[in-house]
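A.B. asks: One-letter residues, chain by chain:
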Amino acid sequence: MTLDDLRGTLIACAGEEDSVELSGDILDMTFEELGYDSLALMESAAKIERDHGVSLPDEAVAEADTPRALLALVNGLTATAA
Amino acid sequence: MTRRVVITGIGVRAPGSSGTKEFWDVLTTGRTATRRITFFDASPFRSRIAGEIDFDAAAEGFTPRETRRMDRATQFAVACTRDALADSGLDFGTLDPHRVGVALGSAVAAATSLENEYLVMSDAGREWLVDPAHLSPYMFDYLSPGVMPAEIAREVGAEGPVTLVSDGCTSGLDAVGYGVQLIREGSADTVLAGAADTPVSPIVVACFDAIKATTPRNDEPETASRPFDGTRNGFVLAEGAAMFVLEELEAARARGAYIYAEIGGYATRSNAYHMTGLKKDGREMAEAIRAALDEARLDRTTIDYVNAHGSGTKQNDRHETAAFKRSLGEHARAVPVSSIKSMVGHSLGAIGSIEIAASALAIRHNVVPPTANLRVPDPECDLDYVPLTAREQRVDTVLTVGSGFGGFQSAMVLHDPEVTSV
Amino acid sequence: MSSPRAVITGLGVLAPNGLGAEEYWKALLAGESGIAELSRFDTSGYPARLAGEIRDFDGAEHLPSRLMPQTDISTRYALVAADWALADAGIDAGAGIDDYDMGVITSTSQGGFDFTHREFHKLWSQGPEYVSVYESFAWFYAVNTGQISIRNGMRGPSAALVGEQAGGLDAIGHARRTVRRGTRVVLSGGVDSAFDPWGWSAQLAGGRVSTADDPERAYLPFDGAACGHVPGEGGAMLVVEDAESARERGAPRMYGEIAGYAATFDPAPGTGRPPGLRRAAELALADAQLTPSSIGAVFADAAGLPAFDAAEAQALREIFGPYGVPVTAPKALTGRMYAGGGPADIAAALFALRDRVVPATAHTTSVPDSYGLDLVLGEPRPVRADAVLVLARGRHGFNAAVVLTTV
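Chains as they are written, first to last, in my numbering: chain A, 70 to 151; chain B, 626 to 1047; chain C, 95 to 501.
No wet-lab data here; the hints were simulated from the structure.
This structure is a prediction, so every number in the text was calculated from the model and none was measured.
Please note: incorrect hints may appear among the correct ones.
To be verified - Below, a list of computed lysine-lysine pairs in the BS3-like style, where the Cα atoms sit at most 30 Å apart: (1) 116/A to 216/C; (2) 116/A to 905/B; (3) 837/B to 216/C; (4) 905/B to 950/B; (5) 950/B to 939/B; (6) 939/B to 837/B; (7) 904/B to 837/B; (8) 216/C to 939/B; (9) 939/B to 905/B; (10) 116/A to 837/B; (11) 905/B to 837/B; (12) 939/B to 904/B; (13) 939/B to 116/A; (14) 116/A to 950/B; (15) 950/B to 837/B; (16) 950/B to 904/B.
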């Protein structure tokens, strides 16, 4: 999963905050700074699970508080699965 | 001169019991009535536990026509209404129907019937467009559930104000609060108030699965609902109903009615924060508690028992504990606090009314029901939650609270009418 | 100590024939109809195809992107109507009103139905893991109250009421009650929308929807040829405010006062007792301390089915005498908006008080003499009135009445 994939997922699942430049360098910004709450992340995680055929543990999703961390989690799992 | 409002009749349908007396037995013996879902094949779901009721409409006296016409939640509400009427000893035939009102609460109303209809009309999800010919004539009433309070009105012959209060999980508190206001302001003298919800259906289970609000403790259904416990991980969905006969105090006294409790104060506030999330500080619930006490003109130290919302989610129990400390001050540490959801689960809009019933019964019997399944302390929940065992003690004044999606925070103060104002 | 007077200081309307309160009012006076063939899905297999549908409205133009995935179309209507009403009332973060002094009381009779239909479909065609996290609140009847309170930081007493078409007036009545109990501002009103295939079918299952295919002949309130109603969508949000509070903060305008409100319920069929609409109207008049002669116009429930129209006409005859008061039904141009209908009628009634003119009942041409009804037909009619009566009924026996007066 790429950062662009993640951007697309976030926008589809939760829209985007007006004051945030989502197309910018967001890898290490926290989801909170990006304007996404726990609901937004749960909706996005569910879509990632379906789209990428992975199962994301609740606690791991909760701990992945930046796009970099979430991508690492997803890509780590897809690598293992493959 | 303010008109005072009292409860003179109670009807309850809650998991593990088929009436008020049995309900109180469940609560005071600390039995739990949560179990593996039996209503449908729950195997595809994350949370597969619920507080189900073994409701036999025929045995409850419903005719086949009534059973067909009324949604399950409506049947619960009507059954409770019949019990409450009998319990009150009030002969509704002698009342002026214009002065009788109904305030029914429900969060998801006809959800179960909606889902049954959906399966028929969509051919179990295969069709998006609908052939209206396959729809039940009652489908409109499942879409637009004004029929629920209307059935109660018909049952008691009410021709005063009739409404459905649908404030999510505070509906059961807010509907009774609405009924109290109708009597106080003089729009009615008698009100049938209460709430019903029957959400144990795939769509509702899926909703709460999605936000991980319900517990996945599927291997331990009887001990899955763990309010204020350190190992709690979500609520247990349930169904249920409770209805009350509310009367103006002097009228109730004049006919020599048994008075369970006076509803002295009620208030609701919104957190304006999040549709499902709660801030840690409990500010808005604390404000609702303060306002309810204010209306009851009672000092916070007079509260003998706090009937908590205690849903058993991580965030709720922490939020609520903070709200009690914020509103009750030092007294929060002295007063017993318990959650009956540990035993009967969380029946969404209905539970607020079921908890009012528990509060009124606590006053009647001078017993505080326990919080079942509370074995592991949580440092963030450090009040006296009456773990495991009911407690006999004097109970004259009870605070009961509710919290729900949409940010609703409600509080009600019930007391023995002899308790005098500060 | 007298209880506070509740006045209306802001209006927000989204109706099939007008987006915005003033636009809606202009459309009513001009007789512009919002009724046309429903365009949301292919209605060719359905017995009824006409609807009062809101077109040319894109929620995304008015609301933050973050709110879009989590809201049903009806909630978007409610949020935008609320924004417009608050702007009209001059209430924003700088208005200096305490958060606990602002409540939200709305009505809906159908909830977020289009949204929930999609989620039912996902659950049963794909599986539980496809159900959205937002379904847990986008569907339920309290959603509009919750979303409006969050968007506007309103933490006062709030509620959501359901009473089919009468629920919108009950919400306004409860807002007045809440102001009287001490809350300065309550944003109140109602919206509805259920124009997905399932919601549409459910409305048809109710048995009162017109199957006529001529938009000008489908919904004919009080006409001898009345044959049901056309379902509409949308509604109105109003700012209900303590008159003292409005004066103190220099509110831009006070459209009128909610001088009277009452709700009643019909007796069970077969009791031989009269329906409750007349009593609701009389109680609301008594509550307003007014006599029927002071009412300059009635905004009728206007069911559009002969039995119901005759019953409403009879109630009005009994209260006002035959042909005793001008009666109108703006709903003929929008369809019945369920919980949104009453609040939209209140908006129209307030404009009628302001502009001293009552809009005509469109499409209806021939009112049975037996009704004894002075229905405003053809052209808007000038009136000199300081008070109007708004009526609504809901399926199964709900009746509600609101009396509005000039301030």
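A.B. asks: Decide, hint by hint, whether the structure agrees.
C.D. replies: Hint by hint, here is what the structure shows:
no. : hint           : verdict
1   : 116/A to 216/C : holds (13 Å)
2   : 116/A to 905/B : holds (29 Å)
3   : 837/B to 216/C : holds (18 Å)
4   : 905/B to 950/B : holds (12 Å)
5   : 950/B to 939/B : holds (17 Å)
6   : 939/B to 837/B : holds (11 Å)
7   : 904/B to 837/B : holds (18 Å)
8   : 216/C to 939/B : holds (29 Å)
9   : 939/B to 905/B : holds (11 Å)
10  : 116/A to 837/B : holds (15 Å)
11  : 905/B to 837/B : holds (19 Å)
12  : 939/B to 904/B : holds (12 Å)
13  : 939/B to 116/A : holds (24 Å)
14  : 116/A to 950/B : violated (40 Å)
15  : 950/B to 837/B : holds (27 Å)
16  : 950/B to 904/B : holds (15 Å)
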